[in-house]
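Asks: Each chain, letter by letter, is given below.
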Amino acid sequence: MKTLLRGDAVSARRPYERPYQAYLYILPGFVIYLVFVLWPIVSTVRYSLTEWTGFTTPRYVGLANYERLAKDEFFWNALGNNAFFVLFYTILPILVALLLTSLMTRRHLRGMTIFRVGLFVPQVMSAVVVGIIWRWMFDYRGPLNSFLREIGLTELARPWLGDFTWAPYAAGLVGTWVEYGLCMVLFIAGVQSISDELYDAARVDGANLWHEFRHVTLPGLQQQLLVAFVVTFIAALRVFDLVFVLTRGGPGRETQVVSMLIYERAFEYHEVGYGAAMALVMTVLIVSVSAITFYVQSRREERENAR
Amino acid sequence: MKLPRLLPILLVVALVSAGALPLSSPAVAQEQITLVVWDNWTRDAEQEMIEILNDEFEAAHPGVTIKRATYATDDLTNILPLELSSDSGPDVTMINQGYSGMGALVEAGLLLPLNDYADKYGWWDRYAMGLHSRNSFSADGKQFGVGNLYGVSNTAEVVGVYYHRSIFEEQGLEIPKTLAEMEALMDKLLEAGITPIVFGSLDGWPAIHEFSVLQGVYITLEELDAFMYRLENGTFDTEANLKAAQKLVEWVDKGYFSPGFAGMDYDGATFGAFLNQEGAMWITGNWMTGSIIEELGDEAVGFFAFPSEQEGVPAIVPGGVGLAYGIRAGTKYPDLAAEYIDLVTGPRAAELLFERGFFPATALDPALLTPGTLTADVFDVWQAVNKANAVGHWLDWTAPNIAANIQELMGKQVTPEEFVADVEAEYRGG
Amino acid sequence: MRVKRRQQAFTYGVLIFFLLIAIMPFVGNILTSFKAKTELSRGLFTLPEQWRTQNYVNAWEGARFNDFFVNSVIVVVPVVVVSTLCSLLSGYAFGLISFPGERLLLLVIVLGLMAPTEAVIIPLWHLMDRLGLRDSYWALILPQIGLSFSFGTFWMRAHFKNMPRDLIDAAVVDGCNTSPFSPRNVLWKILLPLSGPALMSLVVLVFMWTWNEFFLVLVVGGTDYRTLPVGLALLRGRYSADVPVMAAASTIVSLPVIVIYLLFQRSFIRGMISGAVKA
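Protein chains in written order, with the working numbering: chain A, 1 to 307; chain B, 1 to 430; chain C, 1 to 279.
Calculated directly from the structure, the hints in this document are not laboratory data.
Ideal placement from N, C-alpha and C gives every residue a C-beta, glycine not left out.
There may be inaccurate statements among the hints.
Chain A side only, calculated, beta carbon under 8 Å to chain C, not exhaustive [said to hold, decoys possible]:
| no. | residue |
| --- | --- |
| 1 | A189 |
| 2 | H215 |
| 3 | L218 |
| 4 | V231 |
| 5 | Y263 |
Residues from chain C that keep clear of chain B, each with C-beta distances beyond 12 Å, as calculated [said to hold, decoys possible]:
| no. | residue |
| --- | --- |
| 6 | L19 |
| 7 | V27 |
| 8 | L107 |
| 9 | L111 |
| 10 | I122 |
| 11 | V172 |
| 12 | L194 |
| 13 | V230 |
| 14 | V243 |
| 15 | V245 |
| 16 | I260 |
Just chain A, same shape as in the assembly (with noise of 0.2 Å):
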């Protein structure tokens, strides 16, 4: 089964024979992001570095923005908010996800097209919708609070988005409710090329759901999980939008993400050169992550290749 899916490692050699080629396949898209993405993105390297209003000519500082950030204690709250998000962007959507996709994909029921849509939604509605309709999920006269009442919950009911101890928790579920959509589609899109001789193979043997899902799903999905968890980890870090249209960062800073500081420092207070230092922490921790991720990844497809 294994040979069938992978190849082994000596006949995968064979498109390796002039590895100059790859270069060519990458260079029009290179081309584009080199000029357009990477070097804005160098600039900020560079512009950490200086004191600048983002109009007028920046002016050379050293390290200063970086001693200031390491006793910013609003930069290091934001980004723990950032780090408890990544449960609810990155770890819960998966696992839904690989849940939904498991169930969608390998039986033929009716009305699948409805539940691969309707599935969908959370992730297609702008940013401002979803601010709009969970702000009112969540209020203490919405439908979340009336349900406790009705089941005598009555002590449980709050404002959920206002509440200190409650509104990180409120936000990050609504995080949960749009990223796992991303996530069903590459998974979905991933169990199509799993060959359904696979599959055949494991009804035979009699495998239930669970057993189907272990041994034929889960192992051929590595990749797509691999992008999952790194687009959705980059997301949780990243974020802006979905809790800026929920709380504004509040109530007081406890859904405050680093995002939003970066904003306010490059918008409202003209520190480009600060914001750039900010948002240069945090790509270095995302690129760490990830390149970790990859590795652990490669190591993985290595052995598996050797076996």
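Starting from the known structure of chain A, fit chains B and C onto it as the hints suggest.
Replies: Relative to chain A, chains B and C alone:
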């Protein structure tokens, strides 16, 4: 399949199809002048008003075309510095005040001082000098409230108390003349099972107004100005601010505000709750007048100035002038731009604004008002506080994060003393 | 048989539960878009007293969708076409060819996903200014191709890594090759027909992200090249917004994405069937 050879072609087609489109707006004939104007008039009624004025301006100036673009306030504030620093930026633009808005632009030398034009067109007499200082900065942009004039506004803003006339009548209540009367009135409402003040703090900024009105009871305008304009004696650490913070907490404890206010937003929950009489009063700005009239008519709701401790002495209430029209320093047509500003902030504009339910900053013929209407009430309040020199400030111009601090105060995360200390610390730090 | 039926019931139960959570807010949004402001605090799922289609008219006009719809289409089409093609090529290289600097280059490309827009946008504005591209469609199209290329490469790489490699070997034996310029290339002859679902999902996601992009368009787009999300922002007043009209406008903005997803998800399923036959 010929896909590989097709690929470059596809790429070219895609790029060319994008490139074939005009790269810049259609060029205008040489002798024509195009005046680029950016504004904040996003609502239908506002658009109508400004289009009329623009047509009139174009009719009076043959050969001049006005190219107008609209932005929501935050968006405008975000992109103005960049755009004003380029040659293609707007000739005339509306500007948000405060250090991070107008101040940063002045500091970078992007705005034209308007003093000479103000002399020429008599702008100084349009409204009180205290209001002109909100559009004034020292030439280096460091000192707010003094120095050159960099903008002229055409609307007035003031925070007051909206109330349902029917609830006041049913409960036999009168408009309170002192803070003590206001509190007695709210106790009475509570006894009758009515929420006294509709309020929601989820958006943050509405909480600033709740604190500000109480601050205005205790503070003097000198003290407030010193803080706002960052004068040498400017500080937040004052007896008045502490008292206001304590009073606000007391009001929260007494249940004067909507239950669950921490989770209510402004546009939906708070506004809706007021419209549906889920509370008797709403402390917010005159910008809601048009929307309230649209839903409930001009007579169901009244408006009064937040009272002070002493009858007859008005409390300082947050307010001021709306976004200001200014001129880009690099414009090719400064005189024409000034003439345009004269029109859109002048009497003709005031008339058009008032017809559409907005409050012009300039004086208005009282004969236009019908007593007993919301419009008349709001206008009276504006006149009264303006005359008494009791127009306060938007605290977030100087303390941009104060909303978070007030949320912490109202959510009992900090004591009033800690609240004052926190705001002071940020004021010193920033 | 009983086990199977129980599994079926479980499947439906879970799916329906999530479906409800997923679409209830959307339904609430549609109901809101037909209401008057006075009805808002009565509840999300109450029916409007009167179905006010006027909200949609106001939204369309207030957000100037007539002007901005065309701009949105002009931006989104080249971004989707070019970035999908470029990602297909580079994803193939990263997925199936082993070359020096592979991992580093991949990380450099994925970096585009990681840097926060809020920080990068001002340098981008200055870059566009210097290149003379500011206030043009190019200013919106080129950076978004670059950003989509980041994700697209990463995604197509994952897809090609999962491809059965003996398929390629067989193809090479049959006379296919790996030269980018040859019509008998493995990518076009063998892999492309199997890449339907991955490509379609890429198209849907890139379409959605480009369609919804706000900040980039606001800052580098100037006044003549605004797209729908910037129009949506025009509905916000200084202190307040008309919630029902906002809801109507958002419904209008999200509809094209839902339609695109609907169209392409049908080909997901078709892709599955054809893939199953070939594999």
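Asks: With a cut-off of 8 Å on the beta carbons, see whether V231 of chain A makes it to chain C.
Replies: 7 Å, holds
Asks: Confirm or reject: V27 of chain C is not an interface residue toward chain B, with every Cβ-Cβ distance exceeding 12 Å.
Replies: 17 Å, holds
Asks: Does L218 of chain A hold up as a contact with chain C if the rule is Cβ-Cβ below 8 Å?
Replies: Violated, about 13 Å.
Asks: Identify whether the interface hint at Y263 of chain A stands, where standing means a beta carbon of chain C within less than 8 Å of its own.
Replies: 4 Å, holds
Asks: Does V243 of chain C clear chain B by more than 12 Å, comparing its Cβ with all Cβ atoms of that chain?
Replies: 5 Å, violated
Asks: Test the statement that L111 of chain C is away from the interface with chain B: the closest C-beta pair must be farther apart than 12 Å.
Replies: It holds; L111 of chain C is separated from chain B by about 24 Å at its closest Cβ, greater than 12 Å.
Asks: Can we trust that L19 of chain C is non-interface, i.e. its beta-carbon lies farther than 12 Å from all of chain B?
Replies: The assertion about L19 of chain C holds, with a minimum of 26 Å to chain B.
Asks: Against chain B, does L107 of chain C hold up as non-interface, every C-beta pair farther apart than 12 Å?
Replies: 26 Å, holds
Asks: Closest CB-CB distance from V230 of chain C to chain B, is it above 12 Å?
Replies: Its Cβ does come within 12 Å of chain B, the nearest being 8 Å, so this is violated.
Asks: Against chain B, does V245 of chain C hold up as non-interface, every C-beta pair farther apart than 12 Å?
Replies: 10 Å, violated
Asks: Min Cβ distance, H215 of chain A to chain C: is it shorter than 8 Å?
Replies: Since chain C brings no Cβ nearer than about 16 Å to H215 of chain A, farther than 8 Å, the hint is violated.
Asks: Please settle this one: I122 of chain C was flagged as non-interface, so is its CB more than 12 Å from every CB on chain B?
Replies: Per Cβ check, I122 of chain C is inside 12 Å of chain B; nearest 7 Å; violated.
The structure is inconsistent with the numbered hints 2, 3, 10, 13, 14, 15, although it conforms to all the rest.
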